[in-house]
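Protein chains in written order, with the numbering used here: chain A, 6 to 245; chain B, 37 to 437.
Think of the hints as simulated: they come from the structure by calculation, not from any bench. In this text, a Cβ means the ideal position worked out from N, Cα and C, and glycines have one as well. A couple of the hints might just be wrong.
[Claimed, not checked] No more than 25 Å apart at the CA atoms, straight line, and that leaves these computed lysine to any residue pairs for SDA-like:
#1 K356/B - G149/A
#2 K356/B - I100/A
#3 K141/A - H362/B
#4 K356/B - D73/A
#5 K119/A - P43/B
#6 K125/A - L44/B
#7 K119/A - R355/B
#8 K141/A - L369/B
#9 K356/B - M118/A
#10 K89/A - R357/B
#11 K119/A - A55/B
#12 K89/A - R344/B
#13 K141/A - N40/B
#14 K89/A - G427/B
#15 K280/B - L44/B
#16 K141/A - T53/B
#17 K356/B - R72/A
#18 K89/A - T53/B
#19 K141/A - P43/B
#20 K356/B - N176/A
#21 K141/A - K356/B
#22 K141/A - A55/B
#23 K125/A - I41/B
#24 K141/A - G427/B
#25 K356/B - D28/A
#26 K119/A - L44/B
#27 K141/A - R49/B
#28 K125/A - D358/B
#29 K141/A - S341/B
#30 K89/A - L369/B
#31 K356/B - L77/A
#32 K119/A - L369/B
#33 K119/A - R42/B
#34 K119/A - S368/B
#35 K141/A - R342/B
#36 K119/A - S46/B
[Said to hold, decoys possible] On the chain A side, residues computed to face chain B include the following (Cβ under 8 Å):
#37 Y16
#38 G46
#39 T50
#40 L59
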Amino acid sequence: MLRMQDISKIYRTDLIETHALRDFSLRVGQGEFVAVSGPSGSGKTTFLTIAGLLENFDTGTYELDGRDVSRLTDDGRSRIRNEKIGFIFQGFNLIPDLDLFDNVDVPLRYRRMKADERRKRIESALDLVGLASRMKHLPSQLSGGQQQRVAIARAIAGDPALILADEPTGNLDSLMARQIMDLLEKINDMGTTIVLVTHDPELARRAQRNIHIVDGLVIDSPPYEARESQRAARAGTSPD
Amino acid sequence: MSTNIRPLLSALRRNPTGALLVAVQVAITLAVLVNAAWIVAQRIEKIEQPTGIDTRDTFEIDILGLSKRFEVAQAESEDLAYLRGLPGVVTATATLGTPLTLNGGDTDLARSPGTDAPSLPANFLEVGDQGLRALEVPLVAGRNFRAGEIRPAGKHTPISEVIITRSLARALFAHGNALGQAVYEDNNDPLTIIGITRDFMGPQLGAPAYNTVLLPEMPGEGGFYGLLVRARPGMRATVLREAKEHIGASHRHAVIAETMTLTSAKRQFEANNRNMAIFLTSVTALMVAVCCLGIFGLTTFNVSSRTRQIGTRRALGARKRDVVRHFMLENSLILAAGALPGAVLALAVGNWLTARYGLPRLDLAYLAGGIVVLWGTGLLAAWQPARRAAGIPPSVATRTI
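Using the sequences and the hints given, assemble the complete structure.
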C-alpha cells in the first residue's frame with residue numbers, strides 16, 4: 006500500500022538546515038494498522054505530510070497503492086489525496102459554517118461525484134460513526150469526540166485506500182480517545198489501511214505494528230511480515 | 037459549478053454581516069453607475085446634437101434697469117429700432133432666455149388643464165415676432181406670431197398662442213397633429229399651438245434639449261430684457277462693438293449686464309456638458325473603486341481568517357483552481373445579492389430622474405451593461421486574494437495553531 010524508500014526532507018531557512026527525515030524507508034501493507042510514534046520533533050508530522058502528499062520531499066521514492074507518486078504535479082497530488090487518502094487531523098479541521106452533511110461532502114464534491122452517490126456515501130459514513138441523526142447540526146453543536154467522529158466519517162466517505170490519522174485523540178479525554186480508537190479499529194477491520202501518528206505509547210500499542218522515529222530516522226520497525234501474527238494475536242487465535 | 041452553490045449559500049447565511057455590507061455597497065454603486073452612465077450618455081449626445089440655431093452670426097446683449105425711472109417698453113422699442121437699422125444686422129428681437137445657456141426658464145406643458153394632468157417639461161423663450169428669424173429657425177408647420185399677438189413688456193394680458201419645436205410636438209401629441217391643439221401650464225388658460233419649428237435648442241434647463249416652447253412676449257420683468265441680434269455673415273464682431281457702444285451710452289437708468297455671442301454660449305454649453313460628464317464619470321469610477329476595495333477587503337479578510345480551512349480543503353483534494361473558484365463563486369453570490377436590489381434601485385432612480393428632470397427613460401441595456409461592468413470589476417477585485425488563497429499549502433491543515 007505504502008512504500009517509501011530513502012526519503013529525505015530538509016527544511017531550509019537563511020541560517021539553518023533541519024533534516025526532518027533522513028533516508029527514511031517504510032513499507033505498509035494493504036489492510037495494516039500501523040502506529041508511527043516518536044518524541045516531539047522526531048519527524049512524525051513530516052512523515053505524515055509526505056505520506057499524505059501534503060508536501061514534497063527532497064530525495065527518495067514513494068509508491069502509494071502501487072503507483073509512483075514521487076514526481077506528480079500539484080493537480081495530480083490533489084487527485085491522489087482526494088481519491089486514495091483519508092485524513093484525520095488532531096484539531097478535527099471541520100468547516101465551522103457547514104453542517105455535518107456538507108462537511109463530509111467536501112472531499113466528495115472535489116471528486117465530481119453525482120449528488121445521489123454522494124448522499125448515499127455521506128449517510129452511510131455518518132451512520133457508521135453514529136451521527137446520522139445529527140447531519141444538519143453544525144460542528145460547534147457537537148462535543149470534541151463527536152467532531153472527531155465527523156472527521157472520520159469525512160475521511161472514509163470517499164472509500165480511501167489509506168487513512169492517515171495525525172494525533173486523532175490528542176484533543177480528547179481518555180474515554181473519547183478510546184471510542185475513537187475503537188472506531189479506527191473497526192474501519193481497519195473493514196479492510197482500510199491506517200497509519201496513525203501519535204506520541205502516546207498506549208495508543209500506539211493498539212496498532213498491529215509500531216514504528217518508532219527519532220531524528221528523522223526509523224529506529225524500530227518490526228518487519229511487515231509480522232502483521233498477520235499480530236492480527237491473529239489480537240483476535241486470540243494462532244496464526245497457524 | 038452549480039452544485040457548489042448550496043453549501044456556499046448556507047455558509048454565507050450563517051455569517052452574513054460582511055457579505056451583507058458589501059452587497060449593499062454593490063446595490064448602491066450599481067444604481068449610481070447605471071444612472072450616471074445614462075446621464076453621461078445624454079450629455080455626450082447633447083454635445084454631439086446640432087443646436088438647430090445660427091450660433092455663428094448671433095449675439096445677445098442683456099440690459100438691466102437700475103431704477104424705477106427706467107421705461108422698459110420704450111427702451112426695448114428704441115433698442116430694437118436702432119439695431120434693426122444698423123448696417124450688417126439681419127434682424128433683432130427682445131428676448132428672455134438665451135439659447136444654450138441656463139438663462140431662461142422652464143415649464144411643464146400638459147394636454148389637459150389641472151395640476152394632476154400628465155405633463156412634459158419644456159424650456160421656454162420669450163420673444164417678439166422676429167424671434168424665429170433672429171435664431172434662423174424655420175417653421176415646419178403653421179405660422180409665426182403676428183405683431184398683435186405679442187404681449188408688450190410690463191403688461192399682464194393673457195397669452196393664448198405658442199410655437200413649439202417638432203420634438204416637443206411629437207412628445208405631446210404622439211399620435212396626431214399638434215398644430216391647432218391646446219396645451220396647458222398648470223391651471224392656466226389654453227395655449228394654442230400655432231406653429232411648429234424645426235428642432236432647436238433653447239435655454240438648457242431641466243427639460244430635454246429640444247423641448248422648446250416660444251412665448252409671444254416682450255420681456256421686461258424687473259427691468260431686465262435681452263436683445264438677440266443676428267448679423268450678416270462676417271459682420272457680428274463689428275455690429276456687436278457698435279451696438280454695445282451705442283446702447284451702453286443711450287440708457288441713463290440702465291446698464292449692459294452681459295454680452296454674449298452664441299458661439300461662446302455654445303462653447304460654454306459644450307464645456308458644461310463635458311464637465312458634467314467628466315464629473316459624473318469620475319465620481320462613479322470612484323464609487324466602483326470603493327466598491328471593489330470593499331470586495332477586495334472582504335475576500336482578503338476571508339482568506340486570512342480561513343487559512344486552515346483552505347489548507348484542509350487542499351488536503352481533502354481541492355486543486356488550486358478549485359480554491360480560486362470557491363472564492364470567485366462566493367463573491368459572485370455576494371455580487372448577485374447586491375445586483376438584484378441594485379437593479380430595482382437603479383430603475384427607481386431612473387424613473388425619478390425621468391419624472392423630475394425629464395431625462396429619457398432609462399435604457400435597460402445600460403442596466404445590463406452596469407451589472408456586467410460591476411460584476412467584472414468585482415470579480416477582478418476578488419481575483420488577487422483568491423489567487424493568494426490558492427497558494428496556501430495543504431500542509432497547513434496539519435498545523436495545530
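Verification of the hints:
In summary, the hint linking K356/B to G149/A is not supported, as the alpha carbons are separated by about 30 Å, beyond the 25 Å threshold. For the suggested pair K356/B and I100/A, the alpha carbons sit about 18 Å apart, so the restraint of at most 25 Å is met. Restraint check: the Cα-Cα separation between K141/A and H362/B comes to about 22 Å, which is no more than 25 Å; the hinted pair holds. For the given pair, K356/B sits about 22 Å from D73/A by alpha-carbon distance, which is consistent with the 25 Å threshold.
Using a Cα cut-off of 25 Å, the hinted pair K119/A and P43/B holds, with the two alpha carbons roughly 15 Å apart. Distance restraint check for K125/A and L44/B: the Cα-Cα separation of roughly 21 Å lies within the 25 Å cut-off, and the hinted pair is therefore satisfied. Of the pairs offered as hints, the one joining K119/A and R355/B holds, with about 19 Å between alpha carbons and a cut-off of 25 Å not exceeded. A hinted pair counts as satisfied when its Cα atoms are at most 25 Å apart, and K141/A with L369/B qualifies at roughly 23 Å.
For the hint pairing K356/B with M118/A, the CA-to-CA distance comes to about 19 Å; that is within 25 Å, so the pair holds. In summary, the hint linking K89/A to R357/B is supported, as the alpha carbons are separated by about 20 Å, within the 25 Å threshold. Distance restraint check for K119/A and A55/B: the Cα-Cα separation of roughly 30 Å exceeds the 25 Å cut-off, and the hinted pair is therefore not satisfied. Of the supplied pair hints, the one linking K89/A and R344/B holds, its CA atoms being roughly 22 Å apart against a limit of 25 Å.
Only pairs whose Cα atoms come within 25 Å are accepted, and K141/A paired with N40/B is accepted, the gap being roughly 17 Å. Among the hinted pairs, K89/A with G427/B is consistent with the structure: their alpha-carbon atoms are about 23 Å apart, no more than 25 Å. Among the hinted pairs, K280/B with L44/B is inconsistent with the structure: their alpha-carbon atoms are about 75 Å apart, more than 25 Å. A C-alpha spacing of about 22 Å is found between K141/A and T53/B, which places the hinted pair at or below 25 Å, so the restraint holds.
With a CA separation close to 23 Å, the supplied pair K356/B and R72/A stays within the 25 Å bound. A threshold of 25 Å between alpha carbons decides the hint, and for K89/A with T53/B the separation of about 38 Å lies outside it, so the pair is violated. Of the pairs offered as hints, the one joining K141/A and P43/B holds, with about 12 Å between alpha carbons and a cut-off of 25 Å not exceeded. About 30 Å separates the Cα atoms of K356/B and N176/A, which puts this hinted pair outside 25 Å; it is violated.
For the hint pairing K141/A with K356/B, the CA-to-CA distance comes to about 29 Å; that exceeds 25 Å, so the pair is violated. With a C-alpha separation of about 23 Å, the suggested pairing of K141/A with A55/B holds against the 25 Å cut-off. Between K125/A and I41/B the alpha-carbon distance is near 20 Å, which keeps this suggested pair within the 25 Å criterion. Restraint check: the Cα-Cα separation between K141/A and G427/B comes to about 31 Å, which exceeds 25 Å; the hinted pair is violated.
At roughly 30 Å between alpha-carbon atoms, K356/B and D28/A are farther apart than 25 Å, so this suggested pair is violated. Between the alpha carbons of K119/A and L44/B the distance comes to roughly 18 Å, so the proposed pair stays at or under 25 Å and holds. Using a Cα cut-off of 25 Å, the hinted pair K141/A and R49/B holds, with the two alpha carbons roughly 14 Å apart. For the suggested pair K125/A and D358/B, the alpha carbons sit about 24 Å apart, so the restraint of at most 25 Å is met.
Taking the CA atoms of K141/A and S341/B, the gap is near 24 Å; set against the 25 Å cutoff, the hint holds. About 32 Å separates the Cα atoms of K89/A and L369/B, which puts this hinted pair outside 25 Å; it is violated. Simply put, K356/B and L77/A have alpha-carbon atoms about 15 Å apart, close enough for the 25 Å limit, and the pair holds. Between K119/A and L369/B, the direct Cα distance comes to roughly 23 Å. Compliance with the 25 Å bound is thereby established for this hinted pair.
Only pairs whose Cα atoms come within 25 Å are accepted, and K119/A paired with R42/B is accepted, the gap being roughly 15 Å. With a C-alpha separation of about 24 Å, the suggested pairing of K119/A with S368/B holds against the 25 Å cut-off. Among the hinted pairs, K141/A with R342/B is consistent with the structure: their alpha-carbon atoms are about 22 Å apart, no more than 25 Å. Proposed proximity of K119/A and S46/B is supported: the alpha carbons are some 20 Å apart, at most 25 Å.
Here the hint on Y16/A is broken, as its CB sits about 11 Å from the closest CB of chain B, past 8 Å. Taken as an interface hint, G46/A does not check out: its beta carbon lies about 14 Å from the nearest beta carbon of chain B, beyond 8 Å. Because the beta carbon of T50/A sits about 6 Å from the nearest beta carbon in chain B, less than 8 Å, this interface hint is met. Against a cut-off of 8 Å between C-beta atoms, the interface hint on L59/A holds, since the closest Cβ of chain B lies about 4 Å away.
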